[in-house]
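Colleague: The lines below spell out each chain.
There are 2 protein chains.
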Amino acid sequence: MSELRWDARLREWVIVAPHRQERTYHPVGWCPLCPGGGDTELPTSDFEIAVFENRFASMRTDGPVPPLLAGSDAAAGGTARQACASYGRCEVVVYTPEHEGSLGALPLERVESLIRVWAHRYDALSGVDGIRYVFIFENRGEEIGVTLPHPHGQIYAYPFVPPYAQRELAIEAEHFSRTGRCLHCDLIEAECASGERVLIDDGNVAAYVPYAAHWTYEVHIALRRHHASLLDLNTAERRSLAAALKSVLQAYDRLFGRPMPYMLSVRQKATAGGAHEGAHLRIELLPALRTSDKLKFRAGSETFMGVYINDVLPEDAAADLRKVL
Amino acid sequence: MSELRWDARLREWVIVAPHRQERTYHPVGWCPLCPGGGDTELPTSDFEIAVFENRFASMRTDGPVPPLLAGSDAAAGGTARQACASYGRCEVVVYTPEHEGSLGALPLERVESLIRVWAHRYDALSGVDGIRYVFIFENRGEEIGVTLPHPHGQIYAYPFVPPYAQRELAIEAEHFSRTGRCLHCDLIEAECASGERVLIDDGNVAAYVPYAAHWTYEVHIALRRHHASLLDLNTAERRSLAAALKSVLQAYDRLFGRPMPYMLSVRQKATAGGAHEGAHLRIELLPALRTSDKLKFRAGSETFMGVYINDVLPEDAAADLRKVL
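Quick note, the sequences are listed as chains A and B, same order. Count the first sequence with this note's numbering and you get residues 3 to 327, in order. Count the second sequence with this note's numbering and you get residues 3 to 327, in order.
I should point out that these hints are in silico values taken from the structure, not numbers from a laboratory. A few of these clues could be false.
Computed list of lysine to aspartate or glutamate pairs in EDC-like fashion (alpha-carbon distance at most 16 Å, straight line) [as the list claims (entries may be wrong)]: (1) 296/B with 24/A; (2) 325/B with 279/B; (3) 296/A with 145/A; (4) 296/B with 145/A; (5) 296/B with 145/B; (6) 248/A with 114/A; (7) 248/B with 144/B; (8) 325/A with 198/A; (9) 296/B with 144/B; (10) 296/B with 144/A; (11) 248/B with 286/B; (12) 248/B with 111/B; (13) 296/B with 255/B; (14) 296/A with 24/B; (15) 248/B with 203/B; (16) 325/B with 198/B; (17) 296/A with 144/B; (18) 296/A with 145/B.
These figures come from a predicted structure and were not determined experimentally.
With these hints in hand, go ahead and build the complete structure from the sequences.
Modeller: Structure (structure tokens):
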């Protein structure tokens with residue numbers, strides 16, 4: 003079974019999941035995400051989008067919430083070894099019954115449906131006992147470790163606020179309490195006003211390469227209005243978000259004439275309930291290629307120190323992407 | 003030219019270094035780190051270890067310290083775009099004139115010399131105007147992006163305290179002020195007392211898989227006595243550290259019968275001068291293989307959230323490594 007171990011050095015939880023060593027790895031001739039096959043997760047093909055628990059989940063809600071997690075903030079100061087069952091939820095979101103394809107290649111309506119599915123799962127998982135952060139994401143491409151090419155994303159419902167989210171939350175809250183404004187509203191408005199790195203801006207949604215992009219062709223797709231989560235979207239905004247996401251993902255694939263490996267994250271309020279001052283809904287995209295045949299690696303500086311080196315000027319990255327939008 | 007851009011969203015600096023797109027990439031038939039060739043950095047082979055400035059440096063001390071950096075803490079709260087010349091230093095440390103080989107395969111005396119070289123550069127770079135953190139590291143293996151196989155490491159002298167170091171520093175200082183003890187001393191003693199994950203402990207130096215290892219075969223090599231930096235080592239301790247490092251790196255290469263790609267970091271006080279309560283000298287090793295043919299990828303959970311999933315129980319990883327020590 004998986005466990006959570008408390009790292010007293012960094013004051014964060016690590017998931018230890020030995021059974022995942024045996025997880026399905028680039029299967030040949032079959033796909034667990036294709037409907038109706040032998041060892042499939044999906045007995046029927048009669049669906050548009052399917053969500054189910056990951057067979058090789060690193061967190062599960064089998065038992066009660068471990069007492070340690072309820073007190074995880076209190077545990078922060080100690081050096082004692084602390085561990086508990088890996089409580090939480092890992093879900094797989096299959097975007098289509100079709101094995102070939104990608105999120106960017108789906109019809110616009112399907113991308114809109116996916117955003118509705120995300121909102122639904124965000125709301126539902128937020129209500130699960132002990133869940134403190136719902137993280138919606140996609141890893142795409144074997145270059146970044148994806149072992150199943152069938153178009154799909156994932157959702158992790160953590161029983162703690164993850165370290166990077168904690169840090170972001172602290173910055174957002176400090177900015178809000180000092181200025182009375184949402185940090186992201188300020189940054190998004192500045193990006194749209196300058197326009198230098200903007201790819202799309204339809205009034206509802208803006209897509210841009212951020213001023214201090216960490217990754218070469220990093221793109222953020224942000225709501226122009228202050229929305230804390232997917233639950234706040236109206237129909238027009240959802241359509242704008244879907245259209246911008248589809249456009250950027252298609253541009254990624256055109257950029258180097260090959261499928262762009264990327265990581266996608268939906269950033270929003272930690273859970274549908276509770277306080278999270280200054281959260282602002284957006285999608286962040288981190289593509290892994292820095293040229294047509296070179297991957298961006300995170301080595302010593304990025305890994306140990308958190309200092310990113312970006313090899314392309316963000317204004318040039320935006321210009322490159324505009325040509326293939 | 004490179005620049006530093008302030009990311010107001012994460013309150014950290016990003017290095018934008020477009021000229022690095024053109025850096026030497028897996029050269030065939032020549033090596034810029036081999037002595038005496040055509041386009042070499044090293045005109046002579048009459049050396050044991052050589053240190054020089056990186057030709058494709060992402061930070062340089064060409065000009066004066068940009069005023070913005072002196073006030074980088076003050077800048078923290080703003081959303082304004084802020085950038086300056088990428089001030090700092092990037093050095094290459096060539097371990098040997100020989101093209102073939104690796105740090106772990108060097109004679110023990112050479113590894114000891116390297117530790118003396120590290121200490122010397124740490125001291126010298128700490129004294130450079132505007133430098134606030136000296137980071138000694140090695141990236142090894144093309145699997146993690148290394149483009150020159152000649153055995154070498156690197157040193158980055160940053161004009162700011164990097165984000166992850168800042169976080170560690172805050173935890174160390176809090177622990178010290180609350181308990182009067184060094185956090186790492188406590189953790190190292192606990193590891194040695196339990197022994198479950200210890201690989202080496204000769205009284206001067208302990209090498210172990212940490213209790214909450216983030217990476218599958220992660221190993222920390224720590225000084226048993228409280229030393230803040232490389233400058234505090236005595237001769238016996240330096241020899242112990244060199245011997246433990248060599249042993250662990252050789253074990254890595256034996257583990258899967260192939261050269262183990264890894265990242266190495268020397269963790270210590272930010273610079274030789276200044277206050278850094280609770281820093282404790284150690285070497286951290288993050289190997290990139292989780293099985294003989296599978297890399298550990300950092301995808302969505304690790305990248306966006308900082309939540310690591312480790313596929314091997316740290317006690318099992320220690321047992322695997324002990325077999326090949």
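Colleague: Each hint: holds or not?
Modeller: How the hints compare with the structure:
1. Of the supplied pair hints, the one linking residue 296/B and residue 24/A holds, its CA atoms being roughly 11 Å apart against a limit of 16 Å.
2. Under the criterion of a C-alpha separation no larger than 16 Å, the hint pairing residue 325/B with residue 279/B is inconsistent with the structure, at around 37 Å.
3. A C-alpha spacing of about 11 Å is found between residue 296/A and residue 145/A, which places the hinted pair at or below 16 Å, so the restraint holds.
4. For the hint pairing residue 296/B with residue 145/A, the CA-to-CA distance comes to about 12 Å; that is within 16 Å, so the pair holds.
5. About 11 Å separates the Cα atoms of residue 296/B and residue 145/B, which keeps this hinted pair within 16 Å; it holds.
6. For the suggested pair residue 248/A and residue 114/A, the alpha carbons sit about 10 Å apart, so the restraint of at most 16 Å is met.
7. Pair hint residue 248/B plus residue 144/B does not hold up; C-alpha atoms about 21 Å apart against a cutoff of 16 Å.
8. Among the hinted pairs, residue 325/A with residue 198/A is consistent with the structure: their alpha-carbon atoms are about 14 Å apart, no more than 16 Å.
9. Pair hint residue 296/B plus residue 144/B holds up; C-alpha atoms about 14 Å apart against a cutoff of 16 Å.
10. Restraint check for residue 296/B and residue 144/A: satisfied, since their Cα atoms lie roughly 12 Å apart, inside the 16 Å limit.
11. The straight-line distance between the Cα atoms of residue 248/B and residue 286/B is roughly 13 Å, inside the 16 Å bound, and the hint therefore holds.
12. Straight-line distance between C-alpha atoms of residue 248/B and residue 111/B comes to about 11 Å, which keeps the hinted pair within the 16 Å bound.
13. Of the supplied pair hints, the one linking residue 296/B and residue 255/B holds, its CA atoms being roughly 15 Å apart against a limit of 16 Å.
14. Restraint check: the Cα-Cα separation between residue 296/A and residue 24/B comes to about 11 Å, which is no more than 16 Å; the hinted pair holds.
15. Our distance criterion of 16 Å between C-alpha atoms is met by residue 248/B and residue 203/B, whose separation comes to about 14 Å.
16. The suggested pairing of residue 325/B with residue 198/B holds, with an alpha-carbon distance near 14 Å, which does not exceed 16 Å.
17. For the hint pairing residue 296/A with residue 144/B, the CA-to-CA distance comes to about 12 Å; that is within 16 Å, so the pair holds.
18. Of the pairs offered as hints, the one joining residue 296/A and residue 145/B holds, with about 12 Å between alpha carbons and a cut-off of 16 Å not exceeded.
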